[in-house]
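Full structure from sequences and hints, please.
These are the residues of each chain, in order.
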Amino acid sequence: MLPYIGRRLLATIPVMAVVAVVVFLLLRLTTGDPAAIIAGDNATSQDVAAIRTKLGLDRPMAQQFVIWIGNVVRGDFGESFFFKKPVSQLIAERLEPTLALAASTLLLAVTMAVPLGVLAAWRRGSWVDRAVMGLSVLGFSVPVFVIGYLLIYLVAIQLAWLPVQGYQRLADGVGGFVQRLILPSVTLAIVYVALIARITRASVLEVLGADHVRTARAKGLGDVTVLVRHVLRNAAVPIVTVIGLGVALLIGGVVVTESVYSIPGLGRLTVDAVLARDYPTVQAVILLFSVVYVLINLVVDLSYTFLDPRIRY
Amino acid sequence: MAVAEPLPALVLEPVVDRGGVVRRLARNRSVLMGGVILGVVVLLAILAPVLGTTDPARVEPSLRNKRPGAEASVRNADGTQTVRVHWMGTDSLGRDVYSRVIYGARVSLLIGVSVAVISTLVGLVIGIVAGYVRWVDPVVMRIMDGLMSIPAILFAIGLVSLSRAGLRTVIVAIVIPEIPRVVRLVRSVVLSIREEPYVEAAVALGARTPTLLARHVLPNTLAPLTVQATFICASAILVEAILSFLGVGIPPETPTWGNIMAEGRALFRIFPHNILFPGILLAATVLAVNILGDGLRDMLDPRIRKRL
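Sequences listed follow chains A and B, in order. Under my numbering, the first residue of the first sequence is numbered 1, with each subsequent residue one higher. Under my numbering, the first residue of the second sequence is numbered 1001, with each subsequent residue one higher.
It is possible that some hints are incorrect.
[As the list claims (entries may be wrong)] Residues from chain B shown here face chain A by an in silico Cβ test under 10 angstroms; the list is partial:
1. Ile-1118
2. Leu-1121
3. Val-1122
4. Asp-1145
5. Leu-1147
6. Leu-1159
7. Leu-1162
8. Pro-1252
9. Ile-1280
10. Ala-1284
The hints are simulated quantities; they were obtained by calculation from the structure and are not laboratory data. Since the model is a prediction, treat every value here as computed from it, not as a measurement. Backbone N, C-alpha and C fix where the C-beta goes; we use that ideal spot for every residue, glycine too.
Encoded structure:
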């Protein structure tokens, strides 16, 4: 196991390196001169040159990359052009809403999608199956922000059950925190539910036909026991895999959902930073999200041996 | 035994292709349904000028924020009055939402199709090279792994920020994150095909690499690529709408579904129609392409059908 974890960790290094190079190039390939952007409209060419030297923009590209990556590893993402403070501080301030939204969405999606997928597979061909599959295609097709606005319109405006938009920090009261998190989480969960339910159904269908399931039934075990202990357990690997891969969808969705619900999180920060051409912030957020995505999938890979003891490395 | 018995002729029933490709495709319910809805949207896009639309960019300050179904009389250049019904209402600049939604179909379809075609072609070339040239493979695949670990929408947003917003920038920004998925697919097909006995036979007979690729490898990539291209098209339409909606996509004066909705955000609580109508059309179009893709996959790739 340990050598496997070691090898798997080593394998993420080239992936991370490519991500780092791409993200680095994102800033360097811009049409505008970052130094000129920071200096502003009234700057003299001396000012621009001074800033360029300060940021190291006058050095060779490779050297710039090494300096940049060295800083990033130490948690220094540079100074935001727009917000005029360290990017790392900016990210720290925006972290809580995004984490809260992502965690509640993940929880909601998995608890809804897995039972739905199992049910669809178990009652294959029935109306339940068709409804789940139909809704899952629909879930893939309706854009996150349309779902978001529909929910706001129905639940928050017409029925007035929940607050329309905004975010409340956990420290300012649990009630308001949860209330304001419900709609965004549901909005964001829909695509994710569609994805997970589909794979769960496919994976469970494959296991349902297996000999050990027939044996379990034959010895008189109840449906629930068979489904949970014998079927779901064996169907777990593809489901967990797709939960990991789906994090990419989740991250994309976070950006949109936070804009729809005016949640001051990292997704909102990304959009604001892009609109303001605040490249250090854009870079940092993309890098951060990508690293999180790679790490989550690393954990997923490592979990295979626990989920399925037959998998040995 | 002096003379060998002639081998009994192998009677192979020729596969009868009943009624051509179109008929066969139409027999699949998903393909038919997706195709029909998509066909309607394509017709809307092509016929946009004759469907009772006005100039989708015409700003009419006196007709701001009309609700769906509102009538408004417009003074023509020659002094006569025409009564127009804005049956999808108008936006906060007084532009007719119906006209904008219909013209918006053009941009969405254009982006969906061009992203699908470009990313499939580029991915096909890279994938074949990776699958065929052994020393290139690990390098290319590590790069693809890296590109794939940047969440697609985030990647597109980052790429868009690089240069001036416009149709071309948006297409490139959506194409680049899609390429790695195509490369992986093509490479996996190439790797499995090159182990097939008939390919080995062709190699033994002295077939040269270009012939091999054109005659044996390319045809095998066609079915999975068609399916993949359909899904890329659906996702591209969605991503474009998201980019425009976030304000980082196509310039706001161009009527696209995302732009109409972005424009409608501010007054959404009072005038939800600006988001509702383009949203419905967008969802219907993407749904149609997805259903079409599901149907094509069932028909063209029996292996996947068994799994899903």
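Consistency of the hints with the structure:
1. Ile-1118: violated (19 angstroms)
2. Leu-1121: violated (22 angstroms)
3. Val-1122: violated (16 angstroms)
4. Asp-1145: Asp-1145 of chain B check passes; min Cβ-Cβ to chain A is 5 angstroms, inside 10 angstroms.
5. Leu-1147: holds (7 angstroms)
6. Leu-1159: holds (7 angstroms)
7. Leu-1162: Holds - the Cβ of Leu-1162 of chain B comes within 10 angstroms of chain A, reaching about 5 angstroms at its closest.
8. Pro-1252: violated (12 angstroms)
9. Ile-1280: Nearest chain A Cβ about 8 angstroms off; hint holds.
10. Ala-1284: holds (8 angstroms)
When held up to the earlier numbered hints, the structure conflicts with 1, 2, 3, 8 and fits the remainder.
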